[in-house]
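Using the sequences and the accompanying hints, generate a full structural model.
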Amino acid sequence: MASLVKRSVAELVGTMLLVYFGCGAAVITLTTAARESGPLQSLTIGSLGGLADWLAIGLAFGIVIAAVIYGLGRVSGAHINPAVTIALFASKRFPVTDTVVYIVAQLVGGLLGSIFFYLSAGMDAVTIGGLGATAPAGGITFGMAVLAEVIGTFVLMMVIMGVAVDEKAPPGFAGLIIGLTVAGIITTIGGLTGSSLNPARSFGPAVGDLLLGGPDVMGAFPIYIIGPILGALIAVFFYDWVVKED
Amino acid sequence: MKCYVCAKEGRDTDAVAVCIVCGMGLCMDHAIREETDVWEGGYPFPAKKVKQSLPRILCPECSLAMKGDG
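Residue numbers (the working numbering), protein chains in the order written: chain A, 1 to 246; chain B, 1 to 70.
The hints are all genuine.
Pairs of lysine-lysine, BS3-like flavour, derived with a Cα cap of 30 Å:
no.	chain 1	residue 1	chain 2	residue 2
1	B	LYS48	A	LYS168
2	A	LYS6	B	LYS51
3	B	LYS51	A	LYS168
4	B	LYS49	A	LYS168
Read the hints as simulated data drawn from the structure, not as lab findings.
Spelled out as structure tokens, the structure:
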């Protein structure tokens with residue numbers, strides 16, 4: 001097995017790529033909409049193509065997740081999501097020291113992904129795109145947003161259990177199926193909460209915005225800690241219970 | 001079964017192994033044993049190399065071909 005340092009670097013790089021490409025796609029959607037409709041318009045994702053905007057962003061996330069799973073999965077496990085790491089730890093599948101180090105690496109990777117995207121796209125990525133930060137849509141309360149994130153991450157973690165953790169899972173499909181699952185979840189839940197499913201994915205843009213003068217979304221950040229972690233925990237224990245032979 | 005390589009050289013030697021690729025019988029002198037690493041785990045866990053390796057018996061020709069031109 002690779003050393004903990006190498007595995008942590010793999011988690012950092014994987015999460016950085018997730019945020020760079022996934023959140024980057026959200027930023028590009030907003031900056032493109034701003035170019036087409038003018039900066040005075042009130043811009044949201046969906047201004048360009050409705051649900052197709054979310055499908056495109058979902059696919060960007062899904063494809064980079066598949067790439068990271070196939071590229072780095074054998075090194076670190078390619079969790080690239082603290083909720084997944086915590087759920088595997090809680091179900092006694094992952095050691096405590098590795099869990100703590102992985103989470104730190106994922107958070108740093110998320111922030112680096114946002115910083116690198118800003119360096120690639122310029123200040124518009126911060127002022128117009130908000131670095132792809134997550135915040136609930138208008139009319140969505142804190143509780144509604146947490147519920148949507150719980151359900152979305154429940155589906156993601158259940159699929160991870162079914163296609164990867166379960167010893168009976170057919171080999172080779174995990175990256176593809178998990179990527180497509182994330183794309184599908186984002187297409188639906190994106191319009192409600194931004195569909196984070198991942199505290200590190202929300203942490204990078206939120207802190208990046210704070211450092212670079214973008215919108216302050218830290219008030220909504222607890223949604224993206226509570227929802228994904230709760231959803232992943234429910235999924236892992238649900239899966240273990242439902243597949244256990246009576 | 002006799003060793004195919006020895007038989008081609010006009011010698012009559014009993015085979016002790018079979019090449020896993022072409023199936024030719026091989027004596028101790030012509031059987032090449034290679035060790036193949038075995039890995040367990042993988043996504044969403046780090047892959048781990050197990051202590052034991054997998055033995056693989058090859059004839060000289062197949063062993064050379066498996067190594068490629070490099």
